[in-house]
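Work out the full structure, taking the sequences as your base and the hints as a guide.
One-letter residues, chain by chain:
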Amino acid sequence: MGYKADSYDVIVVGAGHAGVEAGLASARMGAKTLMLTLNLDSVAFMPCNPSVGGPAKGIVVREIDALGGEMGRNIDKTHIQMRMLNTGKGPAVRALRAQADKVQYQSEMKRTIEEQDNLTLLQGMVEKLIVEDGVCKGVVTKTGAEFEAKSVVLTTGTFMRGRVILGDLSYESGPNNMQPSVNLSHHLEELGFEMVRFKTGTPPRVNNKSIDYSKTEIQPGDEKPRAFSYETTEFITDQLPCWLTYTGEETHKLINDNLHRSPMYSGMIEGTGPRYCPSIEDKIVRFNDKPRHQIFLEPEGRNTKEVYVQGLSTSLPEDLQQKILKTVPGLENVEMMRAGYAIEYDVVVPTQLWPSLETKTVKNLFTAGQLNGTSGYEEAAGQGIMSGINAARNAQEREAVILDRSQGYIGVMIDDLVTKGTNEPYRLLTSRAEYRLLLRHDNADLRLTELGYEIGMIPKERYDRFLAKKEMIEQEMKRLEKIVIKPSEQVNAVLPENSTELKEAMHAANLLKRPEVTYQEIHQLAPADYEIPEDVAEQVEIQIKYSGYINKSLQQVERMKRMDEKRIPDGIDYFAIGGLATEAKQKLDEVRPLSIGQASRVSGVNPADVSILLVYIEQGKIAKIAK
Amino acid sequence: MEYETIAAISTPMGEGAIAIVRLSGSEAVEIADRLYKGKQALNSVDSHTIHYGHLIDPDTDEVAEEVMVSLMRGPRTFTREDIVEINCHGGLVSVNRVLELVLRSGARLAEPGEFTKRAFLNGRIDLSQAEAVIDLIRAKTDRAMNVALNQMEGRLSTLIAKLRQQLLETVAHVEVNIDYPEYDAEEMTQNLLTSQLKEVEEEIRSILITARQGKILREGLSTVIVGRPNVGKSSLLNSLVHENKAIVTDVPGTTRDVIEEYVNVRGVPLRLVDTAGIRETEDLVERIGVERSRERLKQADLILLVLNYNDELTDEDKKLFEAVAGMDVIVIVNKTDLDEKLDLSKVKELAEEHPMITTSLKNEEGVDELEKSISELFFAGSVESQDLTYVSNSRHIALLEQSRKTLEDALVAVEAGMPVDMVQIDITRTWELLGEIIGDTVSDSLIDQLFSQFCLGK
Numbered sequence: 001m002g003y004k005a006d007s008y009d010v011i012v013v014g015a016g017h018a019g020v021e022a023g024l025a026s027a028r029m030g031a032k033t034l035m036l037t038l039n040l041d042s043v044a045f046m047p048c049n050p051s052v053g054g055p056a057k058g059i060v061v062r063e064i065d066a067l068g069g070e071m072g073r074n075i076d077k078t079h080i081q082m083r084m085l086n087t088g089k090g091p092a093v094r095a096l097r098a099q100a101d102k103v104q105y106q107s108e109m110k111r112t113i114e115e116q117d118n119l120t121l122l123q124g125m126v127e128k129l130i131v132e133d134g135v136c137k138g139v140v141t142k143t144g145a146e147f148e149a150k151s152v153v154l155t156t157g158t159f160m161r162g163r164v165i166l167g168d169l170s171y172e173s174g175p176n177n178m179q180p181s182v183n184l185s186h187h188l189e190e191l192g193f194e195m196v197r198f199k200t201g202t203p204p205r206v207n208n209k210s211i212d213y214s215k216t217e218i219q220p221g222d223e224k225p226r227a228f229s230y231e232t233t234e235f236i237t238d239q240l241p242c243w244l245t246y247t248g249e250e251t252h253k254l255i256n257d258n259l260h261r262s263p264m265y266s267g268m269i270e271g272t273g274p275r276y277c278p279s280i281e282d283k284i285v286r287f288n289d290k291p292r293h294q295i296f297l298e299p300e301g302r303n304t305k306e307v308y309v310q311g312l313s314t315s316l317p318e319d320l321q322q323k324i325l326k327t328v329p330g331l332e333n334v335e336m337m338r339a340g341y342a343i344e345y346d347v348v349v350p351t352q353l354w355p356s357l358e359t360k361t362v363k364n365l366f367t368a369g370q371l372n373g374t375s376g377y378e379e380a381a382g383q384g385i386m387s388g389i390n391a392a393r394n395a396q397e398r399e400a401v402i403l404d405r406s407q408g409y410i411g412v413m414i415d416d417l418v419t420k421g422t423n424e425p426y427r428l429l430t431s432r433a434e435y436r437l438l439l440r441h442d443n444a445d446l447r448l449t450e451l452g453y454e455i456g457m458i459p460k461e462r463y464d465r466f467l468a469k470k471e472m473i474e475q476e477m478k479r480l481e482k483i484v485i486k487p488s489e490q491v492n493a494v495l496p497e498n499s500t501e502l503k504e505a506m507h508a509a510n511l512l513k514r515p516e517v518t519y520q521e522i523h524q525l526a527p528a529d530y531e532i533p534e535d536v537a538e539q540v541e542i543q544i545k546y547s548g549y550i551n552k553s554l555q556q557v558e559r560m561k562r563m564d565e566k567r568i569p570d571g572i573d574y575f576a577i578g579g580l581a582t583e584a585k586q587k588l589d590e591v592r593p594l595s596i597g598q599a600s601r602v603s604g605v606n607p608a609d610v611s612i613l614l615v616y617i618e619q620g621k622i623a624k625i626a627k
Numbered sequence: 001m002e003y004e005t006i007a008a009i010s011t012p013m014g015e016g017a018i019a020i021v022r023l024s025g026s027e028a029v030e031i032a033d034r035l036y037k038g039k040q041a042l043n044s045v046d047s048h049t050i051h052y053g054h055l056i057d058p059d060t061d062e063v064a065e066e067v068m069v070s071l072m073r074g075p076r077t078f079t080r081e082d083i084v085e086i087n088c089h090g091g092l093v094s095v096n097r098v099l100e101l102v103l104r105s106g107a108r109l110a111e112p113g114e115f116t117k118r119a120f121l122n123g124r125i126d127l128s129q130a131e132a133v134i135d136l137i138r139a140k141t142d143r144a145m146n147v148a149l150n151q152m153e154g155r156l157s158t159l160i161a162k163l164r165q166q167l168l169e170t171v172a173h174v175e176v177n178i179d180y181p182e183y184d185a186e187e188m189t190q191n192l193l194t195s196q197l198k199e200v201e202e203e204i205r206s207i208l209i210t211a212r213q214g215k216i217l218r219e220g221l222s223t224v225i226v227g228r229p230n231v232g233k234s235s236l237l238n239s240l241v242h243e244n245k246a247i248v249t250d251v252p253g254t255t256r257d258v259i260e261e262y263v264n265v266r267g268v269p270l271r272l273v274d275t276a277g278i279r280e281t282e283d284l285v286e287r288i289g290v291e292r293s294r295e296r297l298k299q300a301d302l303i304l305l306v307l308n309y310n311d312e313l314t315d316e317d318k319k320l321f322e323a324v325a326g327m328d329v330i331v332i333v334n335k336t337d338l339d340e341k342l343d344l345s346k347v348k349e350l351a352e353e354h355p356m357i358t359t360s361l362k363n364e365e366g367v368d369e370l371e372k373s374i375s376e377l378f379f380a381g382s383v384e385s386q387d388l389t390y391v392s393n394s395r396h397i398a399l400l401e402q403s404r405k406t407l408e409d410a411l412v413a414v415e416a417g418m419p420v421d422m423v424q425i426d427i428t429r430t431w432e433l434l435g436e437i438i439g440d441t442v443s444d445s446l447i448d449q450l451f452s453q454f455c456l457g458k
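So the sequence lines, in the order shown, correspond to chains A and B.
Each residue of the first sequence is one higher than the one before, counting from 1 in the numbering used here.
Each residue of the second sequence is one higher than the one before, counting from 1 in the numbering used here.
None of these hints come from the bench; they were simulated from the model.
Accuracy of the hints is not assured; some may be wrong.
[To be verified] A few chain B residues facing chain A, derived, Cβ under 8 Å:
{"id": "1", "residue": "P181"}
{"id": "2", "residue": "D184"}
{"id": "3", "residue": "D421"}
[Unchecked claim] Taking CB as the label site, the calculated pair distances span:
{"id": "4", "chain 1": "B", "residue 1": "D57", "chain 2": "A", "residue 2": "K513", "range": "28 to 38 Å"}
{"id": "5", "chain 1": "B", "residue 1": "V412", "chain 2": "A", "residue 2": "D41", "range": "55 to 65 Å"}
{"id": "6", "chain 1": "B", "residue 1": "R205", "chain 2": "A", "residue 2": "G192", "range": "53 to 63 Å"}
{"id": "7", "chain 1": "A", "residue 1": "N288", "chain 2": "B", "residue 2": "E187", "range": "21 to 31 Å"}
{"id": "8", "chain 1": "A", "residue 1": "D535", "chain 2": "B", "residue 2": "V412", "range": "26 to 36 Å"}
{"id": "9", "chain 1": "B", "residue 1": "T194", "chain 2": "A", "residue 2": "Q396", "range": "55 to 65 Å"}
{"id": "10", "chain 1": "A", "residue 1": "A493", "chain 2": "B", "residue 2": "S26", "range": "46 to 56 Å"}
{"id": "11", "chain 1": "A", "residue 1": "K486", "chain 2": "B", "residue 2": "D57", "range": "35 to 45 Å"}
{"id": "12", "chain 1": "A", "residue 1": "N498", "chain 2": "B", "residue 2": "L192", "range": "13 to 23 Å"}
C-beta atoms are modelled at their ideal positions from N, C-alpha and C, and glycine is treated no differently.
What follows is the structure, encoded as structure tokens:
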């Protein structure tokens, strides 16, 4: 019943946020690529919140853009609101967040994929992989089509044996009642993969016309036009606001009285849910002293009345959800359009992956996104682009590209996943990054564009623009380090009121190091004779002002890099190393770290074990030379 | 990690008149120069030469130690890195002070076997020695861990765990503001941050001041000689002082009327307290009756209880045994050159588990046994593995000092109006440093704290 279909360099299974980045990256790197998805109408679908970005996540979007990915450009074209968050804090934690027009986001992304050279988009359900001697050679669809490929990327999200749970109702389903993928999950288990069950949830959606906004607070977008992509030049100025309201005593009482109807507490849900995104019933049980919880009302798009009720994620029965909604100020007469629900799905234990996202069990097979145990569109997209790049490079017989923890949040996330694994859906937080100060929103291009260009993701013209910007930053920094500002009445008049008077001549750069002095004032006191663009000025200010902290971080990175440069030979037998503690042997054998640096981050491996490993490896080297 | 400058005491603990603190790494010379004052700065002298001078404590600008410093530039050294060896007086007090100084000036305490490991990794040692290196690392780590665990049951670990929790809550609060900017948690203000950090800083300060172990390190084991009049206390003192070089003569902070003699008994620093009193008045029972002396007795780390072999056991002797119950005591039966009148079996009963030494101080007999007994008590016996405790202690002190410094940096930054995410870097570092003291550096704790302290979600 099967038939031979076409062959490709790379096949991407799934077209969610991981899949689209994987497919586009692979095609852009010159690999002949096929994207297979269950349903062409669900390309880049957002099954949960209608937003992109936020702390850490927003920086991932910038990193994807700096590497030549699509998420940033796509949201720049399709958002209904944009805000810069954390503006009152330091530069390392500033983050952009956009509210998306969900439908437009999808159609724009689909168009980009359809137009992309080297990329074929096809509807079809993959049920099996073609695996010979531990090497993946292609995929087989439900209709019997056999596609051959040099690399295969699985990005099947929450579809793997998906099960929707709502009160005492439970049925097999992908998100939003789409069809789940059951056979592929069983097939992966047969191939020897360890799978675990995770859970996530989504809140109800309501009709805009039934909301009394007068009882809520408005949350407008920024007036200043903003964009994720470094390449965006056209800005959307017509923005829609979000609205803030709160749960109250009545809400909490209703939920408390009906906890017995919650599948969370009846034991029906077996999957591990994320702590950072608890359902409303969870919040009320765990934080019962909190008198109210925030509810954000977020429009799902320009051409729809559907509104996402952020803060009310729930798997309580449908009738109860309606009642709960009506206890919230502004929602007294609300019409629920879709009920919230919890979804359970299969996850590939991510310590089964190499840092390239290729699986250790099956060669030429890559996995990315929610399938690897993460949560969030941005986390999925970040893995998606790396898996696409590495699948293409694998097909082209080139070495994998691995971002380290100092290069980007994407590097932090993948290193965490493959080194430590995760026992709940993994969400990026800025606090997961030890070099947070280096991984900023403003410098993603400086961190990654070079690499993007080297691997063929960034076109020459864009790279040249980037080089010009970089050059200008360096030049301006040098200028400020040389130029001296002498004290005078005029100078002191320019300095901010809370700044101490300038008494002695000072280099402009040093004056800029005062926390209250900004680049604007410096530029006024020591103007350049050419125009300095805003993004260049921002870089100069941050790099000079925080140079003390930045240098401290850079020293730490140096240390980490030295450890990461020490490679561990393939096929090392940890059980043969006498001095290692038993737990370390087992953990190291499971994770099979590529470097001493990665080994030192495996949980359960202590510094003495790392020392012993180092000595053992050096010993091996000497033994080889001796031979 | 591999190339940081490391330091450790490289001579056996408690033996020899000279001890060596060795530094290895690219900054070895620079760090030594921060402390060393001699004819020439060390960075200008030839390799493989030795120099006389002093170490100056950079915090007080006072002379800390008289030293000989030898300097060897890599690669012609044991580790193939730059090595500086600081030769100082052999007692625990001196060598430990030197180690503390170099740790405070930027060196990191070497892990067990780390010099050898570096020598190996830099190609200095051949293959056959590799296995031995592995054994060394493992064995020493296990031993050090045991000691660490023992210590950790103490009050210090509880206190440090509490401080870390306080810092963790502060950081979690900062983090929730950053990662969930729209969440309705109270914003961490400058004032709030300052007061929370100051609280922890004060605590660290007071730990540094009062930590008993630290006190012993810096001031020696306070030792009191007790006994009835005319049992030979002065002779004992004299033989201890004369046989061993007194290593400190001028102790700041001590009052005129209390003279303290410092002696180094087989590497154990003894501070013989209130010996002037013993010299002047032989009326011991009366002295014990005085509250102040009683206090002093209670504060002692070691009691040398002297009895007269030539006299029967008296009520006063029994009272003395009662007064020192529960303390570290060595019982000395002196005057064995005279006739036996003391009921030794009765003394053994009273001494319980304390060691008992017989001496004839007049004939210089038994002093060796006494010294051995003191050193055994200190290094292995009831004063519990002091060699290792002592090493991890100078490590603890260095870590506490560093914690205090990073916390100060954080406070200065808050004051200067630095954004909270910069300040957080130093707070987190403090938390890590404190964690190193109690051997807990699991970094996932922050995320756990974040989600247990705040109710976050979509």
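Hints, verified against the model:
1. P181: Given a least distance of 5 Å, the restraint on P181 of chain B holds.
2. D184: Cβ of D184 of chain B sits 6 Å from chain A, so the hint holds.
3. D421: It holds, given that the least Cβ distance between D421 of chain B and chain A is near 4 Å, below 8 Å.
4. B:D57 - A:K513: 28 to 38 Å: Holds: the Cβ-Cβ distance is about 31 Å, inside 28 to 38 Å.
5. B:V412 - A:D41: 55 to 65 Å: holds, 58 Å
6. B:R205 - A:G192: 53 to 63 Å: holds, 57 Å
7. A:N288 - B:E187: 21 to 31 Å: At roughly 24 Å between Cβ atoms, E187 of chain B and N288 of chain A fall inside 21 to 31 Å, so the hint holds.
8. A:D535 - B:V412: 26 to 36 Å: holds, 31 Å
9. B:T194 - A:Q396: 55 to 65 Å: holds, 56 Å
10. A:A493 - B:S26: 46 to 56 Å: holds, 48 Å
11. A:K486 - B:D57: 35 to 45 Å: holds, 40 Å
12. A:N498 - B:L192: 13 to 23 Å: Holds: the Cβ-Cβ distance is about 20 Å, inside 13 to 23 Å.
Of the numbered hints listed earlier, not one is contradicted by the structure.
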